[in-house]
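Asker: Read off the chains here:
Protein chains: 2
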Amino acid sequence: MTAVASAVTIPARERAVQARALPTRTIRVALAGCGVVGGALVRLLHSSADAIGARHGVRVEIVRVLVRDARRKRDVPLRAGVFTSDVEQFVAEDVDVVVEAIGGSDVAGVIARAALGRGTRLITANKELVASAGASLAALGRTAGATLDFGAAVGGSVPVISTLRDLLGTLPPVYVRGILNGTSNYVLSQLERGSDYPEALAAACHRGLAEADCTRDMDGSDTAAKLAIVAWVSFGVDPSTLPVRRIGLLPEPARFVRYASALGGRVRLIAECARVTDGGITCVVEPVIVPLESSFARTELEDNRVEVGLGWSGPLAVSGPGAGGAPTATSLLSDLLSPVPRTADSSPTRAFEAVDDPRAHSWLVAGRVSARTLLRTLDTSGIPIQSVRASAGDSHVVTRPAAWAALQPVIAELAASNADPLVARVELPAVGRDLS
Amino acid sequence: MTAVASAVTIPARERAVQARALPTRTIRVALAGCGVVGGALVRLLHSSADAIGARHGVRVEIVRVLVRDARRKRDVPLRAGVFTSDVEQFVAEDVDVVVEAIGGSDVAGVIARAALGRGTRLITANKELVASAGASLAALGRTAGATLDFGAAVGGSVPVISTLRDLLGTLPPVYVRGILNGTSNYVLSQLERGSDYPEALAAACHRGLAEADCTRDMDGSDTAAKLAIVAWVSFGVDPSTLPVRRIGLLPEPARFVRYASALGGRVRLIAECARVTDGGITCVVEPVIVPLESSFARTELEDNRVEVGLGWSGPLAVSGPGAGGAPTATSLLSDLLSPVPRTADSSPTRAFEAVDDPRAHSWLVAGRVSARTLLRTLDTSGIPIQSVRASAGDSHVVTRPAAWAALQPVIAELAASNADPLVARVELPAVGRDLS
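Going down the list, the sequences are from chains A and B.
Everything in the first sequence is counted per my numbering, starting at 1 for the first residue and increasing by one.
Everything in the second sequence is counted per my numbering, starting at 1 for the first residue and increasing by one.
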């Protein structure tokens with residue numbers, strides 16, 4: 001047999017079976033929020049109505065939409081009468097499902113508790129809400145016979161939560177680690193391509209990835225909330241009580257990009273939840289300098305990427321657009337069409353606890369000081385240095401592996417002398433001039 | 001605020017909630033097959049019993065195992081009495097779920113029809129069975145009120161089917177494309193590292209990836225079956241009627257590796273299902289020569305990788321170990337613990353049909369002939385040539401974009417003159433010496 005002899009010629013066209021099932025059931029939905037995500041969901045439901053009817057036998061009807069200004073004209077295929085700005089009217093609506101896409105915790109929390117408390121299924125894209133109140137909301141729902149789904153809260157379109165949930169019957173992961181914020185990753189990519197920070201931010205806003213204030217994206221808060229949710233799903237730890245060690249990219253993200261480039265790598269804001277002792281997990285969000293050819297360095301623009309280590313030959317990985325209206329709306333729709341709630345089993349039932357990170361990593365430590373001053377500061381800490389670079393009062397070192405805790409006095413001393421200290425984890429195989 | 005000031009110190013240890021739910025329900029399982037995959041499932045169920053009980057409130061009991069030799073000693077935590085080699089006794093067992101992990105279509109088909117026909121849920125890792133009879137089995141199950149799940153049939157541990165299913169409510173993908181066979185990818189990786197083919201095959205067997213005869217892995221048949229299942233889930237086309245254009249890596253995989261290396265790329269056996277006309281899809285499995293730095297080239301050893309194009313900025317991608325006992329068993333367990341069947345909506349309901357591939361690609365065409373002869377053969381076809389290389393009666397060209405159909409006379413002529421023709425798709429940005 002030759003390699004090509006097995007090719008099969010395609011026969012004459014043959015119609016696939018076309019019997020379209022007629023929608024047999026209507027799902028009545030109340031939607032909170034009609035911005036980037038909510039609006040995208042409305043449009044997606046409209047454009048996919050036939051496919052949804054054929055494939056799932058259901059018709060999704062949006063009967064009420066909560067917005068700030070009910071009279072504002074919106075580019076969505078809905079009649080004007082469905083809009084309301086009255087939260088009480090909104091939560092009183094008798095529906096099958098409430099979809100929450102307004103973000104924040106205040107009004108969103110009122111809506112979530114009202115829905116779950118009277119037994120109505122809640123689907124949310126709101127990572128702050130789930131991170132801060134997910135466990136209690138799920139408990140409230142269990143009592144009332146309603147469920148909480150939040151696949152859209154992490155990863156945008158990337159099936160992070162469902163992938164983790166699929167692994168729930170097995171031994172827990174060794175680690176879950178990834179890029180969970182599309183906006184900051186987009187900004188880093190633009191900085192790498194030569195933009196300055198204001199330009200990069202403006203481009204992210206223009207692309208519909210960010211609001212005017214994206215502090216929570218850039219300082220790692222958004223990532224930390226998502227990581228807490230990941231830890232909840234993977235390790236059963238109540239996300240509201242989970243400590244997350246967090247270093248963000250502010251105030252000057254371009255410095256991270258510059259130092260990473262000097263070291264021959266790229267910086268990525270990486271979230272990690274890892275089993276570091278038998279029953280202990282550590283959660284960290286921090287800039288990590290990774291090799292140029294690594295999968296994380298190659299995760300660009302608004303893409304997210306999550307790797308799940310299971311102790312096999314390689315990790316499971318999922319990646320794709322992690323921000324933006326259409327990707328997040330797709331994830332909401334996926335939860336909405338799931339024949340059963342997916343998150344009934346998210347209650348904290350395992351014996352994992354959060355512990356201090358005992359692991360040693362190499363660190364980039366930078367400050368607006370001379371190399372001599374920086375080295376002297378580190379010398380007192382006893383942390384060995386691997387390499388040092390300096391230019392005109394802006395110096396950075398890469399340390400040999402050291403625990404996070406050992407680094408704290410150094411950072412405190414640099415901060416006290418107004419040296420604008422900056423720290424990132426370094427995961428490069430070999431870095432710079434070796435001083436050992 | 002400095003970048004590090006936002007770091008949160010981890011407080012004193014605090015026990016997470018430990019209330020373990022007691023298993024409230026027993027799932028009685030009959031398992032067909034106790035080889036690499038079946039045995040791994042038994043071990044996984046044993047080691048994860050506590051986690052399953054706590055997390056899902058269920059206890060999984062394996063009450064019967066079908067094997068060829070019931071008296072053979074096996075390294076699995078099961079009492080000897082559960083084994084049987086009697087298919088009739090096996091199918092008569094009254095259980096909640098039948099898990100089929102024996103492969104092939106004959107006995108597996110009998111077991112599947114018996115289970116689904118009397119209303120028992122079937123979970124299978126058997127891609128041949130699902131590709132050849134999935135639609136009729138699903139229909140049989142629907143009539144009897146039972147469901148068919150087959151997440152483990154594609155991708156090993158990689159959540160290919162569940163990711164595609166999650167997208168079902170939206171408009172169908174533009175394309176699904178990926179590496180779906182871990183064994184052949186492992187062999188290609190070993191060849192790239194300098195092994196010869198027998199060594200690479202032996203290593204794959206030793207790793208538990210392949211049986212002694214891995215013709216179906218290497219000739220693309222296994223990949224084609226998985227692609228048909230992917231097309232069923234994504235586009236609703238009955239997989240048993242779906243034509244798949246297929247080029248394998250046999251008889252001499254090392255030739256592909258050698259030519260790809262000469263062109264500065266790597267060869268991967270890639271399966272693709274793409275919408276090429278409004279309602280038409282094309283399914284192909286073929287060696288593709290991809291750039292060294294591409295995600296597919298970087299998918300090594302037994303990893304699988306699937307990309308789903310949705311018309312967004314980038315594709316969704318899932319990757320990870322795609323072969324081996326533990327990864328596949330994890331996928332079976334995931335289906336087993338899913339609170340509801342996942343595949344109730346896999347009936348062919350959309351109007352997609354399979355059509356000939358109208359797209360033009362660059363092709364590598366090689367033969368054991370002189371460059372002059374190869375060029376003359378191509379010249380008669382009218383397909384323009386981009387580059388040519390030759391060494392001692394072994395020549396290969398890269399064509400300019402041409403449709404697959406236009407290539408067939410060339411291949412036929414080369415085969416007729418015993419030139420061992422070989423064809424691969426080329427996806428390199430610029431290849432070799434330009435002859436235009």
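There could be a bad hint or two in this list.
[Claimed, not checked] Beta-carbon label-pair distances, calculated as ranges:
| # | chain 1 | residue 1 | chain 2 | residue 2 | range |
| --- | --- | --- | --- | --- | --- |
| 1 | B | Ser-105 | A | Gly-309 | 54 to 64 Å |
| 2 | B | Ser-47 | A | Ser-136 | 30 to 40 Å |
| 3 | B | Pro-291 | A | Gly-309 | 20 to 30 Å |
Bear in mind the hints are in silico, worked out from the structure with no lab data behind them.
Every residue, glycine too, gets a C-beta built ideally from N, C-alpha and C.
Asker: A separate judgement is required for each hint: does it hold in the structure or not?
Answerer: Status of each hint after checking the structure:
Between Ser-105 (chain B) and Gly-309 (chain A), the C-beta spacing of about 36 Å breaks the proposed range 54 to 64 Å. A C-beta distance of roughly 32 Å is found between Ser-47 (chain B) and Ser-136 (chain A), which places it inside the suggested range of 30 to 40 Å. Separated by about 27 Å at the C-beta atoms, Pro-291 (chain B) and Gly-309 (chain A) satisfy the suggested range of 20 to 30 Å.
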